[in-house]
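**Student:** Based on the hints, put chain B in the right spot on chain A.
Heads up: the sequence lines are chains A and B, in that order.
Following my numbering, the numbering of the first sequence begins with 1 at its first residue and continues without gaps.
Following my numbering, the numbering of the second sequence begins with 1 at its first residue and continues without gaps.
Hint data in this document are derived by calculation from the structure and do not stem from the laboratory.
Among the clues, some could well be false.
[To be verified] Quick list of simulated restraints, FRET-style, between CB atoms:
hint : chain 1 : residue 1 : chain 2 : residue 2 : range
1    : A       : K302      : B       : W57       : 38 to 44 Å
2    : A       : L285      : B       : K121      : 43 to 49 Å
3    : A       : E212      : B       : V25       : 47 to 53 Å
4    : A       : G250      : B       : F144      : 16 to 22 Å
5    : A       : K302      : B       : L32       : 34 to 40 Å
6    : A       : G284      : B       : W67       : 54 to 60 Å
7    : A       : A131      : B       : I266      : 55 to 61 Å
[Unchecked claim] Restricting the straight-line Cα-Cα distance to at most 25 Å, the calculated cross-link-like pairs of lysine-lysine (DSS-like) are:
hint : chain 1 : residue 1 : chain 2 : residue 2
8    : A       : K245      : A       : K231
9    : A       : K224      : B       : K131
10   : A       : K245      : B       : K121
11   : A       : K170      : B       : K131
12   : B       : K131      : A       : K186
13   : B       : K131      : A       : K269
14   : A       : K269      : A       : K321
15   : A       : K231      : B       : K63
16   : B       : K55       : A       : K90
17   : B       : K131      : A       : K188
18   : B       : K131      : A       : K245
19   : B       : K131      : A       : K167
20   : B       : K131      : A       : K231
For every residue, glycine included, the Cβ atom is placed at its ideal position computed from N, Cα and C.
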Amino acid sequence: MKKGTADTSSNIGAMKRRSVLKGMGGLGLGLAAAGSGFLASRRDAAAAESLNYMCWEGYNAPSILEPFQKSKDASISIDLITDSAGGFAKLAAGASRDFDLVSSDSPWIQRMGPAGFCRYIDEADFADQFAEFYPQFRAPFAPLAFEGKATGLPTRWGWVGPTVNTKFDKLETWSSYAPVFDSAYKDKICLLDWGDWPIMPLALYAGINPYEELDDAALEEVRKVLRAAFKNTRAIVADLAVAQKGLIDGSFRALIGGGTYATSALRMKGHDYIQSIVPEPKNGLKQGIIWMEATGLIDNGKNSQIAADFLKYIVSPDVAKQLAITEATCNLVPNSKAEALFSEEEKKALQMDYMWTAWDNSQFHTVAPNIDDMLAIWQEELAAR
Amino acid sequence: MRIERKSWNDPVFVATVAPLALVMVAFFLVPLLMTAVLTFQTTQYYRLVWTWDLKIWTEVFSKPHYWTIMMRTVAMALICVVLTVLIAFPAAYALATRLKTFKTQIQILIIFAFLTDAVLKTFGWILILDKNGVANWLLMHLGFPPEMLNLLFTPTGTMIGMVYNLVAYPMFTIYLSLVRIDRDLMLAAYDAGASRIRTFFEVTLPLSRPGLYSGAVLVFVLSLGAFLEPKVLGGGTSPLASELIRQSFETRVNWPLGAALTMVLITIGALMLAACAAFVLRRPSTGRRPA
Numbered sequence: 001m002k003k004g005t006a007d008t009s010s011n012i013g014a015m016k017r018r019s020v021l022k023g024m025g026g027l028g029l030g031l032a033a034a035g036s037g038f039l040a041s042r043r044d045a046a047a048a049e050s051l052n053y054m055c056w057e058g059y060n061a062p063s064i065l066e067p068f069q070k071s072k073d074a075s076i077s078i079d080l081i082t083d084s085a086g087g088f089a090k091l092a093a094g095a096s097r098d099f100d101l102v103s104s105d106s107p108w109i110q111r112m113g114p115a116g117f118c119r120y121i122d123e124a125d126f127a128d129q130f131a132e133f134y135p136q137f138r139a140p141f142a143p144l145a146f147e148g149k150a151t152g153l154p155t156r157w158g159w160v161g162p163t164v165n166t167k168f169d170k171l172e173t174w175s176s177y178a179p180v181f182d183s184a185y186k187d188k189i190c191l192l193d194w195g196d197w198p199i200m201p202l203a204l205y206a207g208i209n210p211y212e213e214l215d216d217a218a219l220e221e222v223r224k225v226l227r228a229a230f231k232n233t234r235a236i237v238a239d240l241a242v243a244q245k246g247l248i249d250g251s252f253r254a255l256i257g258g259g260t261y262a263t264s265a266l267r268m269k270g271h272d273y274i275q276s277i278v279p280e281p282k283n284g285l286k287q288g289i290i291w292m293e294a295t296g297l298i299d300n301g302k303n304s305q306i307a308a309d310f311l312k313y314i315v316s317p318d319v320a321k322q323l324a325i326t327e328a329t330c331n332l333v334p335n336s337k338a339e340a341l342f343s344e345e346e347k348k349a350l351q352m353d354y355m356w357t358a359w360d361n362s363q364f365h366t367v368a369p370n371i372d373d374m375l376a377i378w379q380e381e382l383a384a385r
Numbered sequence: 001m002r003i004e005r006k007s008w009n010d011p012v013f014v015a016t017v018a019p020l021a022l023v024m025v026a027f028f029l030v031p032l033l034m035t036a037v038l039t040f041q042t043t044q045y046y047r048l049v050w051t052w053d054l055k056i057w058t059e060v061f062s063k064p065h066y067w068t069i070m071m072r073t074v075a076m077a078l079i080c081v082v083l084t085v086l087i088a089f090p091a092a093y094a095l096a097t098r099l100k101t102f103k104t105q106i107q108i109l110i111i112f113a114f115l116t117d118a119v120l121k122t123f124g125w126i127l128i129l130d131k132n133g134v135a136n137w138l139l140m141h142l143g144f145p146p147e148m149l150n151l152l153f154t155p156t157g158t159m160i161g162m163v164y165n166l167v168a169y170p171m172f173t174i175y176l177s178l179v180r181i182d183r184d185l186m187l188a189a190y191d192a193g194a195s196r197i198r199t200f201f202e203v204t205l206p207l208s209r210p211g212l213y214s215g216a217v218l219v220f221v222l223s224l225g226a227f228l229e230p231k232v233l234g235g236g237t238s239p240l241a242s243e244l245i246r247q248s249f250e251t252r253v254n255w256p257l258g259a260a261l262t263m264v265l266i267t268i269g270a271l272m273l274a275a276c277a278a279f280v281l282r283r284p285s286t287g288r289r290p291a
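Isolated chain A, as found in the complex (with noise of 0.2 Å):
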């Protein structure tokens, strides 16, 4: 769960949730909705099959969907998430009956099997989708598994650790979380208020594994360095622009939270001195943590062939090069032949000569048994701030 501000659904063709930021004008926008709207329900209207997809930015691009539309005669309308857990309640509380597919964070698919609305996967026939992924995506995939049985596939990945601008920090000094709780870096940390992305790093550094069951001495020693993170904070963001803009301009030292989702696109932009970095373990405990985005699909009673063909589609190598680097974020994805098309520059945007190093150090961003605790203790350390 993470990532943004607005909350805005769309058909295809509607305004990327950038350029809603951008231009939330009022008039304008309700223009163009309507005309996406009126065009959408034309297309609607013409084609043989349809499809409802629910996604994050960048899955929505035109250049991703219109070519599958024409080549299956198919309309694909799209419900925008800003919020994969308002997504995955949404979900739950009955849309899962009017949606064929859901690109989200990956604890959000793989809890669509115990929810009870996953359309599970037979791996067999996802079987050259799997060859084509770097062996650690390959089946079967723990992190996407419910009872042995797939809920979706990886569709881009990175990692979470400190985001530095070396202009102003080496990156040896944050070769650990010690300096978000240094006096000398007070009001210059900025974490980015992504639901629990924020919390996982500084549970690590307690040495609170928090994808364990915690006890309450454990979730004791999170709200205590919660606490302490709260006293160097200058921001909790939200917004992906403003945390990028105080980066830059050396007024946030260092973005926690965020890793490389928050940084690669500024690294496409030329700022190539940001850097998304995995600390060092402590005391063994790997400090680094690895989110990923999945695709799964939906058992909304249809069985709908076509959704399985898009999920195909969705992880092939030209359109996963595609998502990979999108408007507002650029991003890793676990096909593996998807590498051979990215020119140096693109590689270099998304760090992937550093991607297996931040993977060895990391924790895989899983389904957190005690997520609500310590959701509740970042409110009231909040509140009590």
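**Tutor:** Showing chain B alone in chain A's frame:
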């Protein structure tokens, strides 16, 4: 003016009132009731479980941090009311009495303030309040030390945003009250020997109360729901009630808790408005003895 009493037996009266009543029931009372019902439910694995339970209310009343944020919200709303009224009144007064030549242009500007999206206006303040922003740049060129102002990501930054986004409301309502004041009343006060200041306090200000109160109520209610300003200009470090509610609904996916906090906020707002209404509508003492 004669007040005509209407009866529910009057079909014309019922036909006139019914559409509004239906709208209010459908779009206000029913959602409010649904929100209230939601507070007694529980969630299990991010799904609502339809049981009647006081668990959420127990949590709301046992965790002081919810009340800390609620009280902070009320305090910020009250400060915002005071500041907006203090800014809006002189502006509206000048518009109604002194700037008649540019009245239309200024009215258009105020209307633009209503039409411009709050997101744009709020984000625009970042460019001004930032350490490297316009305000510090100006101060530095005036000879002040660099980065003198540090208002972004502070409660003061939140307040600046709230006041800026809401000041147009009382400005408009107060202006409407001021232009309706019969100028002969002020002239009569002058004829009776009252100074300009006394005339203002004893004639103009009391007669502009409807606009003052309605503007204050609008600002108070809107301030209680302030979301963007604390998030964008306040830096999220001093969250207000709307952020607490958002977190409960969205991040924690705890809809009953979000609904309960919503009900608490609505109740606090309603109680405060009721108290203000009682104060405003209290029968003034005439000072006369009964005959």
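**Student:** Output the numbers, in ascending order, of every earlier hint that fails for this structure.
**Tutor:** Checked against the structure, the hints that fail are numbers 6, 9, while the rest are satisfied.
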